[in-house]
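Below, each chain spelled out in residue letters.
There are 2 protein chains.
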Amino acid sequence: MPKLKDVAEKAGLSVTTVSRVLNNRGYISRETRDKVYRVMKELNYQPNEMARALFRKKSNMIGLIIPAVSHPFFGELAYQLEYYADQCGYKLLLCNSNRDIAKEHKYIDMLKKNQVDAIIMGSSVLNVEHYLHLELPIVSFDRSIAGNIPIVTSDNLLGGKLATQLLLDKGCRKPVFVYRGVGGPHHQALLANGRAQGYEAVMKAAGIEPDLLQLKASAEDDSEEIPEMIHFFQQRPEVDGVFASSDLVAAEVIQACSRLRKRIPDDMKIVGYDDVRIASLLSPQLSTVRQPIREMCECTLQLVAKLLEEEEVPKINTFPVTLIERETT
Amino acid sequence: MPKLKDVAEKAGLSVTTVSRVLNNRGYISRETRDKVYRVMKELNYQPNEMARALFRKKSNMIGLIIPAVSHPFFGELAYQLEYYADQCGYKLLLCNSNRDIAKEHKYIDMLKKNQVDAIIMGSSVLNVEHYLHLELPIVSFDRSIAGNIPIVTSDNLLGGKLATQLLLDKGCRKPVFVYRGVGGPHHQALLANGRAQGYEAVMKAAGIEPDLLQLKASAEDDSEEIPEMIHFFQQRPEVDGVFASSDLVAAEVIQACSRLRKRIPDDMKIVGYDDVRIASLLSPQLSTVRQPIREMCECTLQLVAKLLEEEEVPKINTFPVTLIERETT
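Sequence order for the protein chains is A and B. Residue numbering for the first sequence follows my numbering, beginning at 41 and increasing consecutively. Residue numbering for the second sequence follows my numbering, beginning at 41 and increasing consecutively.
In isolation and in its complexed conformation, chain A is listed as follows:
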């Protein structure tokens, strides 16, 4: 099997130069680069990525920790992140934490041992101190973790305001905010709670008492929420609108209304959050707040790349949201 040395010899270059081409480090002319690749091809040279990674202390792997890739939002997130990681020559190690503290902890240890170059945290339930000593570039998605860890998020506060204002404009008198919760809606670290704050601000400005329904934090892939919602709506017949913290929760609200024979949008108006693909496959089609998932994922990978080059990056990266009116309002 040909070695790096053989490539260097045949190309008439030093081993250092060939290694720099392979590792994409330092300035290399176009001509030199092309020559190295041509010779590699001629010799059928296969660089051993793992040996190179160990040498460079780079694995070209990024760990992705999310609650569950089976959740439509995190499925789209993982898809887009993998796309941009691949564009940058990175591979994504998938970890589903189920929002379980022990599992999240275990994954972080595991990722560190596997020497991933960086971690993308799509959700975290661990306390801040677990991240402070990681000595790894981390980018957080929608959750404030610790001092210098950059965050990518959508404008949750504006999203909450737009959704609630739409419900009021369409005539709702008693819209509630329904969310699946870890901690309360004011748990500071969860930036998604900006959605609740936007809801509350608009409600207060309209002189209506805010009203929140917290669903049990579930394993993300059961549908135990529907009986819970039916019970809530039975107890509270005056409720005439729902701002749901995600499109999936909104889909469950539609099911609950269907079982209670509440007509949408006549008896109940609903706005979701995310604009994942199912939003437009529900009947009626869901009005929702669109997060620009693709752009947010592109930004996340750009931040990871900059952190790896030890460049300065902005701490808060907030993306605009758009109100999408469909048939539930």
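In case anyone wonders, no lab produced these hints; they're calculated from the structure. Any given hint could turn out to be false.
Since the list gives no way to pick one copy over another, a pair counts as held whenever it fits inside one copy or between any two copies.
[Unchecked claim] Lysine to any residue pairs mimicking SDA-like chemistry, simulated, CA-CA at most 20 Å apart:
#, residue 1, residue 2
1, Lys50, Asp140
2, Lys214, Lys244
3, Lys214, Asp280
4, Lys153, Asn100
5, Lys81, Ser59
6, Lys152, Asn100
7, Lys45, Phe273
8, Lys143, Leu44
We have chain A; now place chain B onto it with these hints.
Coordinates of chain B only, in the frame set by chain A:
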């Protein structure tokens, strides 16, 4: 930083024994294992997984190639596979191929260079010969690849028969099979085409001409299919039933019917395939053929583990399907 030697010394064991514990190889008594882990903890010993992997030629990583994790079926598949991989001490490298031949090829090269221990192919569009020289354990999901590569699949033929028989039993005279296709429905390698064959067998037995609608193979995450379906149903007003090749396609059929003001199930009856979570969140709730995704993923990891131990495994692993009747029939 403590080394393996330090752990061995303190535990009063040989380096070989400690290494066997870490690599989970050969017979080790419970007592010895416990002692090694206790000393590792006392010394705060962190095995460097990558160095170990290189030494053992094991990375404890499995490459997963699927069309798109944002697709509800593949999202649930990736979630369950990651769960069972984690149980076996394996990490999953996520690759979305978009059913693009060039991308699939690139991923296979990349996975080989990264020395993954095995590959799970959730979908393949490449020809057989690309897999024959891989020298890596491969398990294929729903697609027959080559000579000795084991396959995990659901009973597509029975699923197609059950779905079609249900449509006929409910009074359909002209049910069609709608699928999103790579190649024709008889492209042998795609085991999912058993669904089409089951449909055709039941139709022929009932003396009705089979009728198939192939949608363009899309990037899995657009919804261009709906106008195409609307056009088809406008041209073919006699069609009164649809067996869709996946729940996602069925969701699109529901949308098309809604725009055409066709009532479900009165004017059109629909059966899906998969029973992913969205099936019960659609309105009306979708009748479908359930694949036991969890059990299929557990089996896939068991096959990978056996292949890694160079054990014999069954070539075809077919799981039973269940007809779930909900509101669309």
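Each hint tested on the structure:
1. Lys50 / Asp140: neither (54 Å within a copy, 34 Å between copies)
2. Lys214 / Lys244: Within one copy, since 12 Å is at most 20 Å while 56 Å is not.
3. Lys214 / Asp280: Within one copy only: 6 Å inside, 42 Å across.
4. Lys153 / Asn100: both (14 Å within a copy, 12 Å between copies)
5. Lys81 / Ser59: within (15 Å within a copy, 38 Å between copies)
6. Lys152 / Asn100: Intra 13 Å, inter 14 Å, cutoff 20 Å: intra and inter.
7. Lys45 / Phe273: neither (72 Å within a copy, 64 Å between copies)
8. Lys143 / Leu44: Intra 41 Å, inter 26 Å, cutoff 20 Å: neither.
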